Amino acid sequence: MITGILTALALFSLLAGRIPFLPLALLSAAGGLVLALLSRHHSHGPVVIDQLAHRSALGQASTGWKALVCCLLLVMALNIRHPAAALLLGLMAAVFTILGAGVPLGEYLSLLSLPLSFLLLSGLALLWGYSTAPTGMLSVPFGGGFLTVAAEAQTRAALVTARSVGALSCLYLLALTTPLSRLVSLLRRLRMPEVLLQLMTLIYRYLFLLLELHRTMEDAAASRLGYAAFPQGVRTTGKVWGGLLFRSLHRTRQYFDAMESRCYDGRLEFLERPLPLRGRDLVWGLGLMLTGLALMVFSWR
Amino acid sequence: MSKWEMSLLRLSALLSGVLAVPQTAWAMHIMEGYLPGSACVLWGALCLPFVVGGVLAIRRTAARQPRGMLLLAMAGAFIFVISSLKIPSVTGSCSHMTGTGLAAILFGPLHATVLGLIVLLFQALLLAHGGLTTLGANTFSMAVAGPVVSWAVWQLCRKGGVNRKVSVFLAAFLGDLLTYCVTSLQLALAYPSPEGGVAASAVSFLGVFAPTQLPLAVIEGILTVLIIMGMESYAQPELREIGFIREGA
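From first to last, the protein sequence lines are chains D and A.
Taking the working numbering, the leading residue of the first sequence gets 1, the next gets one more, and so forth.
Taking the working numbering, the leading residue of the second sequence gets 1, the next gets one more, and so forth.
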């Protein structure tokens, strides 16, 4: 609800004075409503993205190529100088992720809604300034002076927000098509320090175990009315998490024994099927990058 | 639950009741694409010495006791899990904590930096929270500045003989608070306000996020105290192993 109102407010101050009042008000209200509806049921944890990545139609494409394309697209997104071009780049990446990688549209939008509301909130800070005279596109009397929205602040906020949306969908292009374990093995080929990679591999494996364990503990606590009131809720959360940390540290003893009995000597070795660069991956990657490059160069003029 | 804890809880409930805006408040990270390229590179470069130091420290730990590696990994997974879970706050809002204060208290600031870096990378890729281009800036605020302050406060309080719970609370609370201030400053440096410059812009970013971040810092402090207390009563051997409790203490 509040997300919707804030979104509407951010959209309103972003475009105030640029388009007539009635369409502006309607647009802001509609934007707020859509985001409020989308962000209502975002109960997705890390499991959702991980599952989507494992199920992706681009799962067999070369990891290095996907990472390269995504990173270059991110660099382009940062260097675009016009909001429309940044949004177009984002739209292109999003359409490709949805159609090319087979991510369901609903999931994609709901994943996008959360960072979007945060983005618009930061946009408010970029938009509103304090001055002694009622200048700019909008101004509200506040404590002896005025809270104002300057025209250049609007331009800048629009550019920053659009850029961020564009970059986000480029990030999703990588995150929703590539399981994390594959990225870790890519980092290994890039000669990152071995301890770092080991930690990442272990953390990635433990994370889902802990999530499962936590759900069980939380259900048990909830069924005993552990979250019935706010002070109780904080206390229960502290206890559940303390128990979780204890149980997880305790488990490492068993894991270590199991690993040591299989000759663990400080190195984790995994066999992996190499993923060669295929022709069609080359085609879509180059297509995306060339379009991105064209958008970037076009936005500079 | 002692009288003192009860009053602490009451105070926190009051504070969040006054301040909490009922909306989704992620532990504050800078979103993907929000910073210009030069700022991304700059903050990444600033983190580098801490990350290298952390990797060296962890390598030493791993060489000394191979199980230390697993304990660290488990702690990293734990930080990720709690930073991806809701913590209770009033009016149905949900917030998330950083957890790096806890890691700094348990393992020290250098280990916390590396754990924080990995957690941030995983958050960007598994939760779409934060981002790859802003990884450097987020690492600096959440995994370098926060843990260093948490650890310093924790050491100071221990030297000064402050009550254990108070010092854990202060360490986690101030660490979280500093993370939020540094993030606001990073945003302000990248986007100074047209009239007032960096300072005015910093105030405006601090103001926009204060309603969610202040109660969050208080709650993070309380939860860290509760977690450490719980572990001290049940997990003495594990705490001894990571060197949190000295032998014979």
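There may be inaccurate statements among the hints.
[Unchecked claim] From the structure, some residues in chain D lie toward chain A, with a derived Cβ separation under 7 Å: (1) L159; (2) L180; (3) R182; (4) S248; (5) L282; (6) V283; (7) W284.
[Claimed, not checked] Sample of chain A residues facing chain D (criterion: CB under 7 Å; computed from the structure): (8) E32; (9) G37; (10) V41; (11) L56; (12) L127; (13) T133; (14) L156; (15) C157; (16) A210; (17) E232.
[Unchecked claim] Non-contacting residues of chain A with respect to chain D, defined by C-beta distances greater than 10 Å in every case (computed): (18) A63; (19) A77; (20) L214.
By construction, these hints were calculated from the structure, which means they are not laboratory data.
On a predicted model such as this, the values are computed, not experimentally measured, just so you know.
Ideal Cβ positions, reconstructed from N, Cα and C, are used throughout, including at glycine.
Quick one: which hint numbers does this structure break? Sort them smallest to largest.
1, 3, 5, 6, 7, 10, 11, 14, 15, 16, 17, 18 and 19
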